[in-house]
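Given next are the chains, with one letter for each unit.
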Amino acid sequence: MSAGGPATSTGAKWSLLDLVRDKEIIVCTGSGGVGKTTTAAVLALEGAKLGRKAVVVTIDPAKRLADALGLEGLSDTPSKIDGDWPGELWALMLDTKSTFDALVTKHATDQDQAEGILQNRFYRNISGALSGTQEYMAMEKLFELHDEYDFELIVVDTPPTRNALDFLEAPKRLTRFLDHRLYRILMAPTRGIVKAVNVAAQAFLRTVSKVVGGDVVRDAIAFFQAFDGMEEGFKLRAQHVLRLLSADQTAFVLVAAPHHDTVAEATYFASRLTESGIPVRALIVNRMHPRFSDASPIAMHERAKTFAGTDLGGLYQNLSDFLLVASKEEEHLAGLADRVAPAPVVRIPFLRTDVHDLDGLGEIARHVFREQPAQLG
Amino acid sequence: MQRLDPAQFFGTSRVVIVAGKGGVGKTAVSAALSRAAARAGLSTLVVEVEGKSGLAAMFGQPPFDYDEVVLAPGGGPDGAADVRARTLTPDDALLEYLEDHGMSRIARRLATSGAIDMVSTAAPGIKDILILGKVKQLERGNAADLIVLDAPAAGHAIGFLRSARGLIDAVKVGPINTQARDVLEMLTNPKRCEVILVTLPEETPVNELIETAYSLEDEVGISLGPVVVNGLYPEVGGLAVDPAEAAKEAGAHLHPGEAEAMRKAAQFRLDRMELQREQIARLADTLPLPQLWLPYVFSPDLHRDDIEDLSSRLAAGIEALVAIPAPEAAS
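Those protein sequence lines, which keep their order, are chains A and B. Using my numbering, you'd call the opening residue of the first sequence number 1 and step up by one each time. Using my numbering, you'd call the opening residue of the second sequence number 1 and step up by one each time.
Worth flagging that the hints you see were computed from the coordinates, not collected in a lab. All figures in this text were calculated on a predicted structure; none of them were measured in a lab.
With a Cα cut of at most 27 Å, we get these calculated DSSO-like pairs of lysine-lysine: (1) A/97 / A/80; (2) B/264 / A/328; (3) A/106 / A/80; (4) A/328 / A/305; (5) A/97 / A/235; (6) A/305 / B/264; (7) A/13 / A/49; (8) B/264 / B/248; (9) A/80 / A/53; (10) A/97 / B/172; (11) A/80 / A/49; (12) A/305 / B/248.
All chains, please: the whole structure from these sequences, using the hints.
The following block contains the structure:
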């Protein structure tokens, strides 16, 4: 494999820059701790530099980055970041609960229904904690931004869950929850068929009550009663979101770190996306160790042993250490790069400091869009 | 100044919860801690809650699940005790709980109908409490001298440990309430339980560790043990020496390009080591907890030898902890 130009080390037909220039939506996905939030900010900033009106939706930025992006506290609406670029850069931090509240209000038939749900304790638990809710709301926010604002580029960070692709399932999960047998059992009384609820179901509810306490079950029943009639709106909305995610103007960018376990997770994400009919448009690998030469780490280690106890021995050992790490990183990445081909693989080196301001984002952008470390071998 | 004996250290709390964000090496630390405790003669049980962590592979063993396995048998010339391990899942824990409480007939139905999903939606934290309740049962039942709980990753650790307090408010009566009270009692008793936080010597992980530490103390009232700083580059000689000079000194000839590669690699390590020292100092300034340091392991997949080495270093670090600051100092 020959060394390529910027961002095209696998002979890709497009570059990350093309995505930032041409796509309307970029979704950054990957497991937690791999630099997704920062990467999302870098992509949006680059969009602004290309003259586009760009917005980045972050999930849980480190505090100093949030400050740099002007995100003090939760802000559910985009705020503009001033800077010296031809386009515009906007940012917002996802507030799962208020996004869910807005969704409920939107779909409620009247104010009373909305209030009934928003005040319900069961709802308040769900809106914060139902597994997949955060993922779902990130996508909901994306849809809202796409539908109701005039951004040319929307970059979304996805939540750092162990299974970062839950958002693909999230709309389904919520609707499946609404189709759940228990839901139907609970709903039965309002539909005037209370006698039809069979004895087994009643016993079942009593059991659930026994374990979690009657309050929880009563809250749940009240919630489902309040929710009655809203399922269709929710399901429809969920379908729109999924359609937008698989549309051509949307690009999924997989963010990874070159460790064995994170690459394994990224490989799994790539397969899941492909199965869902969503191709990975670029792979960004953060925190790559530099490869200082193309010598074999074993040979260097042998020489370190030969010169053990001398300064030269230490220098050989150190070189061997990093060559070993770099070769293992490339080894881990090889399968993943094949899996996402022909998407470009962008390698970002270990940087001296963490990113917490626009200059730092610019520094990463330089690596991402302009200077690719030479790939040896 | 009195040196701390590892057996005494590990005897402080029956349950040690290892927590930290993803990628900081939490599982490797759990493995090293458990092996260090076993070598100090304490029978040790590692409890996992997520599975697929690679813990078994670190000990050269096949993956395990709910049933307990021996990861590292003791009994060698060093008099070590066994390291055992098992995975806990909320579903299994619930089944067991119901069976133990005379509800075995409905237990299976409850589990297969998806009721647990619905129940845990109704009162989030129930899954966590089922796990912690099981850990508490293991602790009360003297399942091992030391129980090492490899906590869920990322931001979940705080939620996980906060679940007991939340549930006591959310579910006022019944077995879940009782369970939550019992769990909270365990979590807040330093003789029964402490948390060891793991981080990397880097800016963001250190910040997150500091936040987590204060939240755990303030919101859960849980006692914090030493902080493990993982991934410190080990010292190597000669890094500050010019490669050409070093070669001349050793009477060796360098291959073309080698000097330049050595110089860059040496500079890289020196830079990283300096950054790491800065972060360690900052952590010490901000969080008055003793630190245990573990080296960066250059071989990418950890094996039994690496775990053995890490556990020796942990034990040495523990012996060097002359005094753990009084609780007043940590607040």
